[in-house]
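Protein chains: 2
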Amino acid sequence: MTALAGRLGIRHPLILAPMAGGPSTPALAAAVSDAGGLGSYGAAYLPPPKLREVIREIRAATARPFAINLFADEGVAADPAVLQAAQAAVAKYRAELGLGPPAFAPGTVTLAESFAVLLEEKVPVFSFTFGIPPREMLEACRRAGIFTLGTATSVAEARALEDAGVDAVCAQGAEAGGHRGTFDRDADPPLVGTMALVPQIASAVRVPVVAAGGIMDGRGVAAALALGAQAASLGTAFLLCPEAGTSPPYRAALRRARDESTVVTRAFSGRAARGLANRFTREMSGAPLAPYPAQNALTRELRAAAARAGDSGLLALWAGQAAPLARELAAGELVGQIMRETDTVLSSLR
Amino acid sequence: MTALAGRLGIRHPLILAPMAGGPSTPALAAAVSDAGGLGSYGAAYLPPPKLREVIREIRAATARPFAINLFADEGVAADPAVLQAAQAAVAKYRAELGLGPPAFAPGTVTLAESFAVLLEEKVPVFSFTFGIPPREMLEACRRAGIFTLGTATSVAEARALEDAGVDAVCAQGAEAGGHRGTFDRDADPPLVGTMALVPQIASAVRVPVVAAGGIMDGRGVAAALALGAQAASLGTAFLLCPEAGTSPPYRAALRRARDESTVVTRAFSGRAARGLANRFTREMSGAPLAPYPAQNALTRELRAAAARAGDSGLLALWAGQAAPLARELAAGELVGQIMRETDTVLSSLR
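Protein sequence lines correspond, in order, to chains A and B. Just so it is clear: in the first sequence, position 156 is 156 by my numbering, and no numbers are missing. Position in the second sequence (from 1) plus 1000 gives the number in my numbering.
Incorrect hints may have been included.
[Unchecked claim] Reference listing, derived: stretches of chain A covered by chain B, where coverage requires no fewer than 3 residues with Cβ under 8 Å from a Cβ of chain B:
hint	segment
1	81-93
2	280-286
[To be verified] Negatives, chain A to chain B, calculated, CB over 10 Å:
hint	residue
3	A20
4	A61
5	V76
6	G98
7	A174
8	A196
9	P199
10	G214
11	D217
12	R219
13	G245
14	L329
15	G336
16	L349
17	R350
The hints are simulated quantities; they were obtained by calculation from the structure and are not laboratory data. Using N, Cα and C, we set each Cβ at its ideal position, and we do this for glycine too.
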């Protein structure tokens, strides 16, 4: 039991990574929490009433702590010419899926609106990515007893999070699936591997560190603890659980994944993220893109239609570099299995 | 003590990564071996008489086992037009350093010549990268009792090495400094992080696995063992040791390194390698390059002159992503320190 696990009130040093836009479900978060880990729900895209519903669903399913994850950066407005070019670039895929001209609806959910729900519902843990929320939000969390967990992809970001007063830092290594948590929305994101990033961040900050990126089983959790993390964050490991909202074509693609299958792309959301290479990441490489969140809004209908059509070539297949190690187990069983493996690994190294 | 350490006859599961072209010295390899690890010498560029001398120097300095590393791929001949364009691209740097027109001398050392020396001298361990040596070389090693260690940057490469009959596989994660060991000389090298690569390779092959990439201290060695490796390979960690051949401007650049300082570049050798970003990697990005080994020959004089001039902007500053954790200790002391840390980390996790 690490000090961080004690503060969070969880039995196992295992955190379910938030996976907005599909895989995150209340059932998955609740199952991980109920099994003694910390379940998370990626709520960045949810309208506030739906967010409140999700929080209540998780609470109805488990009495244990859980985290709600939001994006600390709301992005920028797209220049009309850029937006037009980006719309043109995805038009042919829409046509293939029988969709009409882009019904472009930019995201209208603000961080402030979403955060207000978190505060009213007094969620146990507020985790975030893409930067640092405004000071008043972090202060409100302290007053309300909400634990804060920020994401860093570099030592500099970890130091900035600590300076802002977060309770813990998640060190997101380059192996991680999904969005890079990098603060700077325009720069190429640093792609520092977990093995290199976690000890450097653990040496640089005094707050507890959570390791993320490439962790799939007890070997990875034990390694994360050895590197100086007080917990491991796993996302891809849970994508094939029945409780996950992973669509059937997404699951099928994951079952075919190899270690070399992923790429970092901005094509789906305008923000850099790691997923399985597919037709869309290949063909859109070099194509005009709108910035986040416009690009995300622009591909939303397309992704939903592709999922319905069973077409994995036009889906965002977020996955980490160890996706082939994902297992098809109920989430609670998987947590138990991973923690037993962790104990076995650590015992064997005595 | 792992089974691999037992077979190698070393006390500690720690291997010094080979660092051809400067940092490797007989003194560094011997110091690591003498302290109970496995010292390595990167001998890819050495003329055979010099290689024999190096092996004898190591043997004179230690009675313990050591490894000699060679490149299994000799590269391809450069097209004359490509070569001319590549020469033109580096001409201005030569002029700045007072060098005349390129005295282009392609590498003339063949793998067969170098290997013959290894066999005659019966080195304890033959390690290699960039592919798989011809079958008859591996057979000769088996007959001579020379342990073979091949480098893999993907699961597919690890399987190919096992199928070829190597004794152990080094899983080189994306964090690693220096050349990517990737077999395919033309493709973008897979950049799978150590945390993701090591457990996948450990699950895929039956031969012992060595973990490389981002490992700098006892936290990293303990993590490597947790991931299923039987030893850890460290290179960057030893770059600041007095025994290393790291030039003064290279050392100064390492002392300024941050986690985000490295890039993967082909500019120095024609083969992809990770090092600290500098003027040369930035300005040569997108410039015409010759393939390996011509590009390497083309920049050799330039690099030597830059080192003499104290100009780190035109040097190959090979380094991994955890370079800021490098320590300025005698190599033997560093081995002892890292192994004490490893024990402390593992004890704390019981």
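Hints versus structure:
For the segment 81-93 of chain A, the stated coverage by chain B is violated: 0 residues have a C-beta nearer than 8 Å to a C-beta of that chain, whereas at least 3 were required. Taking a C-beta to C-beta cut-off of 8 Å, the segment 280-286 of chain A contributes 0 residues in contact with chain B, too few for the three needed, and the coverage statement is violated. A cut-off of 10 Å between C-beta atoms confirms that A20/A is not in contact with chain B; the least separation is 22 Å. Even its closest Cβ contact with chain B, about 31 Å, leaves A61/A beyond 10 Å, as expected for a residue assigned away from the interface.
At roughly 23 Å from the closest C-beta of chain B, the C-beta of V76/A stays outside 10 Å, upholding its exclusion from the interface. With a closest Cβ-Cβ approach of about 35 Å to chain B, G98/A is found to remain outside the 10 Å limit, as its non-interface label requires. The claim that A174/A lies off the interface is violated: its Cβ sits roughly 5 Å from the closest Cβ of chain B, which falls inside the 10 Å cut-off. Under the 10 Å C-beta cut-off, the non-interface status given to A196/A relative to chain B is violated; the minimum distance is some 3 Å.
The non-interface label for P199/A is inconsistent with chain B: the shortest C-beta to C-beta separation is roughly 5 Å, within 10 Å. The Cβ of G214/A sits about 3 Å from the closest Cβ of chain B, inside the 10 Å cut-off, so the non-interface label is violated. With a least CB separation of 7 Å from chain B, D217/A falls inside the 10 Å interface cut-off, contrary to its annotation. Its closest Cβ contact with chain B, about 5 Å, brings R219/A to no more than 10 Å, contrary to its assignment away from the interface.
Every C-beta of chain B lies more than 10 Å from that of G245/A, the closest at about 24 Å, which supports listing it as non-interface. With a least beta-carbon separation of about 17 Å from chain B, L329/A lies farther than 10 Å from that chain, consistent with its non-interface assignment. The beta carbon of G336/A is kept farther than 10 Å from every beta carbon of chain B, the shortest such distance being approximately 19 Å. Against the 10 Å criterion, L349/A falls within the reach of chain B, whose nearest CB is about 5 Å from its own CB.
With a closest Cβ-Cβ approach of about 6 Å to chain B, R350/A is found to fall inside the 10 Å limit, against its non-interface label.
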